[in-house]
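One line per chain: the protein sequences are A and B, in this order.
Heads up, the first sequence is in my numbering, so the first residue is 1 and it goes up one at a time.
Heads up, the second sequence is in my numbering, so the first residue is 1 and it goes up one at a time.
The hints are simulated quantities; they were obtained by calculation from the structure and are not laboratory data.
Check before you lean on any hint, since a few could be wrong.
Covered stretches of chain A (chain B as the covering partner; in silico rule of three or more C-beta atoms under 8 Å from a C-beta of chain B) [said to hold, decoys possible]: (1) 6 to 12; (2) 304 to 316.
Simulated coverage check for chain A against chain B, where a stretch passes if three residues somewhere in it have a Cβ under 8 Å from a Cβ of chain B [stated by the list, open to error]: (3) 43 to 57; (4) 61 to 74; (5) 98 to 110; (6) 141 to 150; (7) 173 to 180; (8) 189 to 197; (9) 253 to 261.
We put the CB at the ideal spot given by N, CA and C, even for glycine.
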Amino acid sequence: MSDNNDALVEAAKESIAAAQTLAELDEVRVQYLGKKGKLKSLQQQLKSLSPEEKREFGKTLNAVKQSIQTALTEKKEALEASEKTGPQIDAIDVTLPGVRSLPGHRHPLMATMEEVKSILIGLGFRYDDYPEVETEFFNFDALNTPDWHPARDMHDSFYTTVGNVLRTHTSAFQTRAMKQFGPPPLRAMTSGRCYRRDEIDASHFPIFHQLDVIAIDQDISFADLKWVLYQLASALFGEDVQLRFRPSYFPFTTPSAEVDVMFNGKWLEILGAGMIRPEVLQAGGVDSEQWQGFAFGLGLDRMAMIRHGISDIRLMYENEEAFLRQF
Amino acid sequence: MRINTGWLRDYLASDCQEQELLDAFMTVGLEVEEEFHLAEALEPIRIGFIREKKPLGDTGALYECQVEIAKGKLITIVCASSHPVETGWGVPVAVSGTKLPSGALIGEGKFKGIKSEGMLCLDGELGLIARSTGLQVFKDEAMLGASLPAVSPIQESLVEVSVLPNRPDCLGMIGVAREVAAVLGMQLKYPSARELNSQAGKGDAVTVEIADESLCSRYACQVFDGVKVRTSPHWLQSRLQTAGLRPINNVVDITNFVMLEWGQPLHAFDFDSLKGNRIEVRRIRNGEKLKLLDEAEVDATHEPLVIADGEKPIALAGIMGGWDSQTTTESKRILLEAACFDPVCIRTSARKLRMGTDSSYRFERGTDPNGMLSGAFNRAAELLQETDLSAARPASAVTDSYPSVKQSTQFTLSAARVSKILGADISGAQIKDCLTSLDMKVDDDLTVSVPTWRVDVNNEVVLAEDVARLLRYDSIDMKPMMATTTKGRVSDTDGLRNSVAGFLTSNGFLECRTPPLTTEQIALAFSQWPGDAIQVQNPISKEMTTLRQSLVGSLIEVAERNARRGASSFRFFEVDRTFRQNDEIDERWMLGGVLGGPVNDSAWIASEKDIDFLRAKGLVENLLSHLNVDGCTFARDTPANGYRGEEFAVISHSDQRIGALGRIDLDTLGIKDRARVPLYGFELDLTTLITVKSPPGLFKGLARTQVIARDISIVVPSDLHYAEIETSLEKAFAAAVENLETEPRKDAGADFALQPELESVICVDTFSGESVGEGAMSLTIRMLFRDALHTLTSGEAQQLMDYVVKQLHSEYGVVQR
Numbered sequence: 001m002s003d004n005n006d007a008l009v010e011a012a013k014e015s016i017a018a019a020q021t022l023a024e025l026d027e028v029r030v031q032y033l034g035k036k037g038k039l040k041s042l043q044q045q046l047k048s049l050s051p052e053e054k055r056e057f058g059k060t061l062n063a064v065k066q067s068i069q070t071a072l073t074e075k076k077e078a079l080e081a082s083e084k085t086g087p088q089i090d091a092i093d094v095t096l097p098g099v100r101s102l103p104g105h106r107h108p109l110m111a112t113m114e115e116v117k118s119i120l121i122g123l124g125f126r127y128d129d130y131p132e133v134e135t136e137f138f139n140f141d142a143l144n145t146p147d148w149h150p151a152r153d154m155h156d157s158f159y160t161t162v163g164n165v166l167r168t169h170t171s172a173f174q175t176r177a178m179k180q181f182g183p184p185p186l187r188a189m190t191s192g193r194c195y196r197r198d199e200i201d202a203s204h205f206p207i208f209h210q211l212d213v214i215a216i217d218q219d220i221s222f223a224d225l226k227w228v229l230y231q232l233a234s235a236l237f238g239e240d241v242q243l244r245f246r247p248s249y250f251p252f253t254t255p256s257a258e259v260d261v262m263f264n265g266k267w268l269e270i271l272g273a274g275m276i277r278p279e280v281l282q283a284g285g286v287d288s289e290q291w292q293g294f295a296f297g298l299g300l301d302r303m304a305m306i307r308h309g310i311s312d313i314r315l316m317y318e319n320e321e322a323f324l325r326q327f
Numbered sequence: 001m002r003i004n005t006g007w008l009r010d011y012l013a014s015d016c017q018e019q020e021l022l023d024a025f026m027t028v029g030l031e032v033e034e035e036f037h038l039a040e041a042l043e044p045i046r047i048g049f050i051r052e053k054k055p056l057g058d059t060g061a062l063y064e065c066q067v068e069i070a071k072g073k074l075i076t077i078v079c080a081s082s083h084p085v086e087t088g089w090g091v092p093v094a095v096s097g098t099k100l101p102s103g104a105l106i107g108e109g110k111f112k113g114i115k116s117e118g119m120l121c122l123d124g125e126l127g128l129i130a131r132s133t134g135l136q137v138f139k140d141e142a143m144l145g146a147s148l149p150a151v152s153p154i155q156e157s158l159v160e161v162s163v164l165p166n167r168p169d170c171l172g173m174i175g176v177a178r179e180v181a182a183v184l185g186m187q188l189k190y191p192s193a194r195e196l197n198s199q200a201g202k203g204d205a206v207t208v209e210i211a212d213e214s215l216c217s218r219y220a221c222q223v224f225d226g227v228k229v230r231t232s233p234h235w236l237q238s239r240l241q242t243a244g245l246r247p248i249n250n251v252v253d254i255t256n257f258v259m260l261e262w263g264q265p266l267h268a269f270d271f272d273s274l275k276g277n278r279i280e281v282r283r284i285r286n287g288e289k290l291k292l293l294d295e296a297e298v299d300a301t302h303e304p305l306v307i308a309d310g311e312k313p314i315a316l317a318g319i320m321g322g323w324d325s326q327t328t329t330e331s332k333r334i335l336l337e338a339a340c341f342d343p344v345c346i347r348t349s350a351r352k353l354r355m356g357t358d359s360s361y362r363f364e365r366g367t368d369p370n371g372m373l374s375g376a377f378n379r380a381a382e383l384l385q386e387t388d389l390s391a392a393r394p395a396s397a398v399t400d401s402y403p404s405v406k407q408s409t410q411f412t413l414s415a416a417r418v419s420k421i422l423g424a425d426i427s428g429a430q431i432k433d434c435l436t437s438l439d440m441k442v443d444d445d446l447t448v449s450v451p452t453w454r455v456d457v458n459n460e461v462v463l464a465e466d467v468a469r470l471l472r473y474d475s476i477d478m479k480p481m482m483a484t485t486t487k488g489r490v491s492d493t494d495g496l497r498n499s500v501a502g503f504l505t506s507n508g509f510l511e512c513r514t515p516p517l518t519t520e521q522i523a524l525a526f527s528q529w530p531g532d533a534i535q536v537q538n539p540i541s542k543e544m545t546t547l548r549q550s551l552v553g554s555l556i557e558v559a560e561r562n563a564r565r566g567a568s569s570f571r572f573f574e575v576d577r578t579f580r581q582n583d584e585i586d587e588r589w590m591l592g593g594v595l596g597g598p599v600n601d602s603a604w605i606a607s608e609k610d611i612d613f614l615r616a617k618g619l620v621e622n623l624l625s626h627l628n629v630d631g632c633t634f635a636r637d638t639p640a641n642g643y644r645g646e647e648f649a650v651i652s653h654s655d656q657r658i659g660a661l662g663r664i665d666l667d668t669l670g671i672k673d674r675a676r677v678p679l680y681g682f683e684l685d686l687t688t689l690i691t692v693k694s695p696p697g698l699f700k701g702l703a704r705t706q707v708i709a710r711d712i713s714i715v716v717p718s719d720l721h722y723a724e725i726e727t728s729l730e731k732a733f734a735a736a737v738e739n740l741e742t743e744p745r746k747d748a749g750a751d752f753a754l755q756p757e758l759e760s761v762i763c764v765d766t767f768s769g770e771s772v773g774e775g776a777m778s779l780t781i782r783m784l785f786r787d788a789l790h791t792l793t794s795g796e797a798q799q800l801m802d803y804v805v806k807q808l809h810s811e812y813g814v815v816q817r
């Protein structure tokens, strides 16, 4: 009997030692100490024994149960401890690359466009889309640039049908916005593609991107324009950004300015700006005696090229994977 | 306009540092395109000594020189005889390959069989105004090989200024000097008194008749005789050369010089070639022809304005002189002309005739009829009479036809108005100072008389700009914008576009920007919606003729270009407009995508799968759900050009077409397949999507009962579409619920009802093959369902499944496996 019992304890201890996980260990526990376990079947034998034998056998059973229980507890503690320290170090080569598809990227131009937009939205400008196939009226005439005006030479336009051009600048939105949104105050912007019949070279592409802004109120001034441009520039180029305002000419603003930013020790032209001409306000149905405001427009291609150090505009439209993954 | 600062200083009354002068251009708003400090730019020019000189050919026009440019190094240079050179002289040499500040590249030339390896440079050719004889000569042999600026101090700069179209007055040195002087606080120094020299010859004055004074507001002319037409002195030649003009003869050079000085074009006719002592300014007449200086012939087609003598046209007004009346070395008498033409008239003619000259450029932008005579004409008349120039004598009185004198415009400014525009406190005194320095007359009440050369001042805001320019823009302090608060926001479509980009970049897609203006083939391929093509009437290349109707074609080009560079995995998208001409122009925002190659970019995993139709579809389905667009269906349809029919679906939302997905057919596009994996394209109409997207979702509660999963495996005819089976299955399940007999529960009373709902139906396996039989397919479909309040018993679940299978069998004859 006692040999049998010793064998039982040995077998149990072997199973316990072999268990690798808490779940396996629990299976062993059920196998020996559970409701239908091996110890239970031994207990069944008690019924058929004399009281003396019962006492003796009971002691033996208790001892067996105790040694199995102790072994179980020890193993359980050991397993719990090892589970806390984590799995075996050499179980998987964690240095193998993860199985994945490579991350996607936004186009540097679009990322720049979104960034500029979000800054201006914070300053109270509304964003809307306007036509790309634009009438000559909104693209030129409404902007104080009648047909005979030499300034039209600066924009060599693509013509589609009679009276329509592919917009040569996003400024075409100015009087559309004034008409659409009614009396000021108004702060509006748009961005997107513009088209000019330029020869392709490192800094010119016939299709490019601009972002244009207007703000009209009772006394929005040139000084306000400078403030807004500094907010924009400092968000893009850092708090200590330096800007330079040079007089320039646009038929639809006066005073007009070209604005340069100091970048890597050089002045770089980034945008054109000015106070909206009274003629343009009138064309947009806004009383120029009562209201005044500013407009500015920037070339997003150039902005993206400056920010990312891209030397050739053509790279932006070739969409090479090796290029797109860098931003 | 190219400006030599040494020449510009002729018109400044006081001196200043070169850098101050250069900075002044920018401060005042003259846009500097390019700037050459000649001391640096002429560094490559070396002093070479002429060791041998012999005539080349027998015309006496060319010499072949051996020039030592470094100790012992001789090169051959062929030079023209316009300036004498002697053996033993050291002169500035540009060896072939040198680029001059003028932009000219010195090349190797061949003259009469002799290879010339460089050029002996005159001052003007180097961009310098002439020192003395126009050629710098060095006698000290020690200077051999030295750089020109090292042995000859150079202060001048050459500045390429782009004069903006509103300021034609700055198309002359005096105009530029006026601006620069104003901002530097200097006086402008005019080269001659600005009043008409009253000297008149004895001959009869020429009669001038202007047919339409709206086209020519003023015309003046005078005859000179005894004219000696010859080569100009070097001070004059070099000045023309620095501006990029070629010296011709002293009479022509004087008219060009005065144009560069005053911005007023002039012309000199050979007077003896004219008939009738009469000048007419009129449109060309039918049948008349005019041969121009460039030997082109103009007829009456575009009815340009001409200058005519008593018989015939002699010049194209404001644009170019005539061939037959040009001043040559034979000319004895000349007629000097100055005029003021209507800018629109000249611009229209120049455009129609496709001619642009220095003269038309200035007239198109507007010239000053008042400065025309007292300034430019007078100056030219003086120069013609100088003995070292053409030594001419006036032979008639000046004829001046000026029907209506142009008066200066007046504006009354207020300091308050100027301050309000600029956002700074500007005093009346400041305004007066600034405008006076620009030669404007300003009264104490700020009434401003604007000189007639300022054609741009048509509104008082221009004067506010002048004030701001002269006070310098940088002196106006910015101030936080104090205005009515407005609501900044993106538009709905813009929000959707960003949402799309966010999803796709998170799924490994690269965003592209491709030209919307493309070839007709690419523009029209993959188009899903009706509408005519929109083409440009004046394309610049055949690659950009048509506005595209789909983005997929351009993205295929991107994929193939990348394949050529070795890419094996393709995920590209673009969000942009597409264009169609319907009753109105339809600018529709689209999303286009192209994908193909391995699902994961992990080539070391052997089991890696390639993207196929269903994987591409899964991506589009996820995108639609990301955008909150529910209830989209994919259906077979006739594919748009460029897709392959057997793998193509149109995507619809309640009968409205919102997009398409399909495998690309490179053959029909004529594109060579370099990708070597199936490419899939998809497109979604964002303009429509914005109208069908669902509002933000409402919380539906969380079911705490256990979900039941049951698979059914059925054999169906292979032409039966899965979507139909799924629909039937959903209907069958609903019917099964109706017929469900509940089993009693401990935790519920006698009267409880079960309303199990089908939460999802997933196709987990499809199989076809011999064991299934021909024309049939085995499908395993997993159904997940539960009742929100009571966990279903296995018996109840079995009832539902039995019912569903029975229904499907009766509907399609499907067999449960």
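Right, here's what the structure says about each hint:
no.	hint	verdict
1	6 to 12	violated (count 0)
2	304 to 316	violated (count 1)
3	43 to 57	violated (count 0)
4	61 to 74	violated (count 0)
5	98 to 110	holds (count 12)
6	141 to 150	holds (count 3)
7	173 to 180	violated (count 0)
8	189 to 197	holds (count 3)
9	253 to 261	holds (count 5)
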